[in-house]
Each structure stands twice: as C-alpha cells, then as structure tokens.
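Peer 1: Each chain, letter by letter, is given below.
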Amino acid sequence: GAVVSQHPSRVICKSGTSVKIECRSLDFQATTMFWYRQFPKKSLMLMATSNEGSKATYEQGVEKDKFLINHASLTLSTLTVTSAHPEDSSFYICSAWPGGTYEQYFGPGTRLTVT
Amino acid sequence: QKEVEQDPGPLSVPEGAIVSLNCTYSNSAFQYFMWYRQYSRKGPELLMYTYSSGNKEDGRFTAQVDKSSKYISLFIRDSQPSDSATYLCAMSAGGAQKLVFGQGTRLTINP
Chain Z
1 GAVVSQHPSR VICKSGTSVK IECRSLDFQA TTMFWYRQFP KKSLMLMATS
51 NEGSKATYEQ GVEKDKFLIN HASLTLSTLT VTSAHPEDSS FYICSAWPGG
101 TYEQYFGPGT RLTVT
Chain S
1 QKEVEQDPGP LSVPEGAIVS LNCTYSNSAF QYFMWYRQYS RKGPELLMYT
51 YSSGNKEDGR FTAQVDKSSK YISLFIRDSQ PSDSATYLCA MSAGGAQKLV
101 FGQGTRLTIN P
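As they're listed, the protein sequences go chains Z and S.
According to my numbering, the first sequence is numbered sequentially starting from 1.
According to my numbering, the second sequence is numbered sequentially starting from 1.
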C-alpha cells in the first residue's frame, strides 16, 4: 500500500517550453502533497506544499509563476514548469501525506532536462 | 548555517562492517527524525523514524536521537552490498509537515 506515482519519469524539453509533471497517490487520498527539487549529489529542497482545492504555499525563493502547482483532487497534484530554461534541469520529486500519520510517501521522481 | 548538516561522504566500507551515519541540526523545534534511503534516480524510501530522543532498532538498523546535542545517528550492522545507496536524514517540527533534509551520504558496501 501507500504507493505514489509520477509521470513522466523523465522528460527532455526545449528552452522556453512548458512541462507538466503529475503526481498521483494510487491507493490512498492525500490531504497534502509536497514538491521537492533535487540537484545532483544534493539534498531534497522543498519547493511548495499543496492542499487539495487551495492554493499552494511556496517556499522562499521559489517563483510561483514559474512553478505552477495544481492540486485538483485528493489523489492528483501537478507541477508545471513554465518557460523552462536549462537551469531548471533537475530531479523533481513529489510526496503525499494522507494525514493521521507521521509519514510522507514519496514518488519515484521525474528527471527534467531542458536543452 | 544550514538547519541540517550531513557529511556527504562518499563512504566506502567492506561487506559486514558496521556503518555509522550522522546528522546535526540547529532547530530545537524538530521533534520527528527520519532516515531515508535513496537509490540512484529513485525517490527516497523511509527506513527509520524516531519521535523525540531515544533509540529505535529494526533488524540491522538502529536509529539514535540525542536532542540535547542536536545529533542523530543511523547504524547499519552486518552491512550488505544491497545497502549501497544514498542515506538522507530528515526532520520536522510538526509530524509529516515540511521535512528538512540533510545533504545525504553516499554509501558503498564493497563485497
């Protein structure tokens, strides 16, 4: 149980285009979903926290207009990287929290490469 | 100063060795302490969880938290090549909310 999927697993896009990444909780409803970014050999940095039906809360330094987060249902959150640039290339990981427990369940990650 | 400090390694040990991984932190509000294992190009998976101070053992893994020193440890006994991965400490002040991660230690167990 407690499986979180991400789609796509990897994507290559051209500079200036937008990319959407999906995060789904497959067998539970997620009160809250989190989006992290991880650079090579670096730690996970929280980008934003999203609750179903409300606006995401972004961490300091994260551009909300560049990283659009939508949490349309209790099992789906999307991250859209708008007007992507090479410096946005990174590993993006989501996690889902069902509530009532200490544990977040992490997705497998999406590797974004912007050329 | 980072909220959570973790030696990035890399750390390489022979099979069967005892491995010690550590993190220090500065935020005294942290109450929930976790260790995650991350294989290359994969998402993190939870290994150990400890609330407040104390020890917790699960098979070959032991997690220790010393809140007075703001120091946490993960010990791996009888290490196996399959334990080769990056180990991340993470902590939170409020349950599952807003985890703060260490940099991660890359561990290699040599057969």
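Read the hints as simulated data drawn from the structure, not as lab findings.
Computed from a prediction, not measured in an experiment: that's the story for all the values here.
Beta carbons are placed, not taken as given, at the ideal position from N, Cα and C, and that holds for glycine.
Heads up, a few of these hints could be off.
[As the list claims (entries may be wrong)] Negatives, chain S to chain Z, calculated, CB over 10 Å:
no. : residue
1   : Gln6
2   : Pro8
3   : Ser20
4   : Asn55
5   : Ser92
[To be verified] Distance condition first, Cα-Cα at most 30 Å in a straight line; then the derived DSBU-like pairs of lysine-lysine:
no. : chain 1 : residue 1 : chain 2 : residue 2
6   : S       : Lys70     : Z       : Lys42
7   : S       : Lys56     : Z       : Lys14
8   : Z       : Lys41     : S       : Lys56
Peer 1: Next, verify each hint and record whether it holds.
Peer 2: Here is how each hint holds up against the structure:
A beta-carbon of chain Z comes within 10 Å of the beta-carbon of S/Gln6; the shortest separation is about 8 Å. With 10 Å as the threshold on Cβ separation, the claim that S/Pro8 sits away from chain Z is violated: the shortest Cβ distance comes to roughly 7 Å. Its beta-carbon lying about 19 Å from the closest one in chain Z, S/Ser20 satisfies the requirement of being farther than 10 Å from that chain. Annotated as non-interface, S/Asn55 keeps its C-beta farther than 10 Å from every C-beta of chain Z; the closest such distance is 17 Å.
The Cβ of S/Ser92 sits about 8 Å from the closest Cβ of chain Z, inside the 10 Å cut-off, so the non-interface label is violated. Note on S/Lys70 and Z/Lys42: the hinted pairing holds, with a Cα-Cα distance of about 22 Å set against a maximum of 30 Å. With a C-alpha separation of about 48 Å, the suggested pairing of S/Lys56 with Z/Lys14 is violated against the 30 Å cut-off. At roughly 28 Å between alpha-carbon atoms, Z/Lys41 and S/Lys56 fall within 30 Å of each other, so this suggested pair holds.
Of the hints listed earlier, those the structure fails to meet are numbers 1, 2, 5 and 7, in rising order.
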